[in-house]
Each structure stands twice: as C-alpha cells, then as structure tokens.
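Produce the complete structure using the sequences and hints provided.
Those sequence lines, one after another, are chains A and B. Position 101, counted from 1, in the first sequence is what the numbering used here calls 101; the numbers after and before it change by one each time, with no gaps. Position 22, counted from 1, in the second sequence is what the numbering used here calls 132; the numbers after and before it change by one each time, with no gaps.
Treat the hints with care, as some may be off.
[Unchecked claim] Subject to a maximum C-alpha distance of 27 Å in a straight line, what follows is the list of computed DSS-like cross-link-like pairs (lysine-lysine):
# : chain 1 : residue 1 : chain 2 : residue 2
1 : B       : Lys135    : A       : Lys96
2 : B       : Lys135    : A       : Lys36
3 : B       : Lys279    : A       : Lys96
4 : A       : Lys36     : A       : Lys96
5 : A       : Lys36     : B       : Lys199
6 : B       : Lys199    : B       : Lys135
[Unchecked claim] Computed from the model, here is a short list of chain A residues facing chain B with C-beta under 7 Å:
#  : residue
7  : Thr14
8  : Asp15
9  : Leu24
10 : Gly31
11 : Leu47
12 : Val77
13 : Ser92
None of these hints come from the bench; they were simulated from the model. Small disclaimer: the values here were computed from a predicted structure and weren't measured. No residue lacks a Cβ here, since even glycine has one placed at the ideal position from N, Cα and C.
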Amino acid sequence: MTRRKEIAMLEVTTDWYLSLAAILFTIGFLGMMIRKNALIMFMCIELMLNAVNLTFISASKHFGQIEGQVFVFFVLVVAAAEVVVGLAIIVSIFRKQSSASVDVLNVARG
Amino acid sequence: MFEAFLFFAPASLIILGALIVIFAKNPVHNAMGLVMTLVSLAIIYITLNATFVAMVQMLVYAGAVMTLFLFVIMMIGVDKKEQTTDSIKGQTFLVSGVFLILISLLVYVAVSSDFKWDLWFPPVEYDVEGTPQLIAGTLFTAWIFPFEIISILLIVATAAAIALAYDTKKRNSNA
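Okay, here's the thing in structure tokens:
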C-alpha cells in the first residue's frame, strides 16, 4: 500500500537512477554475448561503461561529493583510449582477414 | 511531476537506443542508437547537477568517439553480412540462461523492499553543482597524480593506434 503511494507520487530517488544503470549494463552485457561483429561488441562495451558512469554521477549527487564526477572523467579517458586502440586493432585485423567477426579470429589459439 | 518527466523521457530513450545498439542489423543504425543513448544520458547528467560532465559527454562520446566509430564502419564496409551460426555449441542457450538470471536478479532487487538505497544511506540535503571550477579544484589538487597518469595513457594510446593502423606493406610497395 505504501509502496503504491510512493509510485503514485513519482518521486525520482537515487534508486531509479541505479536501476536504470543496472538495466543499461545488462543490455550491454547481452549485446556483448549475442553479437559476433567486433565493432558492435565495442559499442556494447561503451554501453556498459556509460552505465557505470551513470552510477558514479547518481552517487555523487546522492552523497553531495564531487569525487564521483571526477572519476567519470577518468572512466571517460580510459574509454576513449580503449576505443582508439581497439578500433585500430579491428582495422588491422580486417586488412588481413577481411572480416570483423570475432569467430574468425582464432589464429592466436595456442 | 516535471522532475519525473525529466527522468522517464530520457530513460526510455536510453533503453530504446541501447536495444537498437544490440539488435539492429546495419552497423550505421547501431551507431545512431548509441548516439541516442549517449545524448539522453547527457540530459540525465544535467538533471543530476553534473552539467560539466554532461557537456564533456556530448563532446567526447557523442562527438569524438562516435565519429571514430563511423569512420571505422565506413572503412570496413556496411554491406557485409554478419555470420549468425554459433561456433560455440549451445551458445544461445547459455546466453539466454545467463540473461534470465541477470534479469530475475534485477527484478528481485527492484521489487523486494529490502533494497532501499535511500533508507540505508540517506541523501544529503544540499546540492553540489558540478561546475568546471569545482571539478578543476578537485582534479588539480587531490587527484593530480591520476590526472598525470591518464595524460600519459592518452599519448601511449595515440601512438599505439598509429602504429597498429599504419599499413607498412602498402607504404613500402608504393615507395
């Protein structure tokens, strides 16, 4: 009963933001599992990183501290570096194998 | 009520964009879905008083990273069919099992009354506005060492990308 009243009031608490981040992370994880194209898997990694950023920022607002937003910068820089190197690897693999599918990339198998 | 609208409208766009990212067949459509997700996230950041981070999100993610993605999509072509057969046996079955577990965990956490973040840790009364002054004041004093480290990381990543993508064979045959 009280829960229904809370929903009727529609007060957006930190729980909502954390739930949204969890849903976004789960979708990114699902895409990482079901897609074969390396490029799209990278986009799914971006989705997961953004879910973490959303968690950081909602916690920053919740506790009234700026450190959460500073950490988002670090995550952003690491994500940018990771995308740059990863896309360069995809391009160089594509030159050799003319395919961006991860199932083709079994040449490093020991 | 307006606050609720400012949350639910971008949130539904975020989830819609994320679903486009993982289910669309054309890579350009995937990239556009990712743009939708990132821009809506920037709106959410503004409602969370993180205005500077929202601007950086627009510039770095929706601008630079997406341009890079689109360049690579153009380089490797969009007309190639993605292979759909499983190379690992029972991959679809395993993935759907893991996904069901994750979703049921999420639903349990959302429905059960045990999980009340706002009751465990009460939110502070005051608001911290993420202005450039405040962020720089923290970043360049307490976090100066990690800041220097990530500047080195960026230079290393740039050099690595050039070294990886440089086509030595082609250059040598041309010269």
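Worksheet item: Holds or violated: is the Cβ of Val77/A closer than 7 Å to a Cβ in chain B?
Response: For Val77/A, the interface hint holds, since the closest Cβ of chain B sits about 5 Å away, which is under 7 Å.
Discussion item. Hint validation: Ser92/A versus chain B, beta carbon distance must be below 7 Å. Holds or violated?
Written reply: holds, 5 Å
Discussion item. Thr14/A was flagged as interface toward chain B. Is the shortest Cβ-Cβ separation under 7 Å?
Written reply: Nearest chain B Cβ about 5 Å off; hint holds.
Worksheet item: Against chain B, is Asp15/A within 7 Å by beta-carbon distance?
Response: holds, 5 Å
Worksheet item: Within a Cα-Cα threshold of 27 Å, do Lys135/B and Lys36/A meet the stated pairing?
Response: Given pair Lys135/B, Lys36/A holds - Cα atoms ~11 Å apart, limit 27 Å.
Worksheet item: Is Lys279/B within 27 Å of Lys96/A, Cα to Cα?
Response: holds, 11 Å
Discussion item. Using the nearest Cβ pair, does Leu24/A come within less than 7 Å of chain B?
Written reply: holds, 6 Å
Worksheet item: Against chain B, with CB atoms and a cut of 7 Å, does the hint on Leu47/A hold up?
Response: holds, 6 Å
Worksheet item: Given the hint that Lys135/B pairs with Lys96/A, does the C-alpha gap stay at or below 27 Å?
Response: holds, 24 Å
Fill in: Holds or violated: Lys36/A to Lys199/B, with C-alpha atoms at most 27 Å apart
holds, 14 Å
Discussion item. Can you verify the interface hint for Gly31/A: is its Cβ closer than 7 Å to any Cβ in chain B?
Written reply: Holds: closest Cβ of chain B sits about 3 Å from Gly31/A, inside 7 Å.
Discussion item. Hinted pair, alpha-carbon criterion (27 Å max): Lys36/A, Lys96/A. Please report holds or violated.
Written reply: At roughly 18 Å apart (the allowed maximum being 27 Å), Lys96/A and Lys36/A satisfy the hint.
Every hint, counting from the list given before, is met by this structure.
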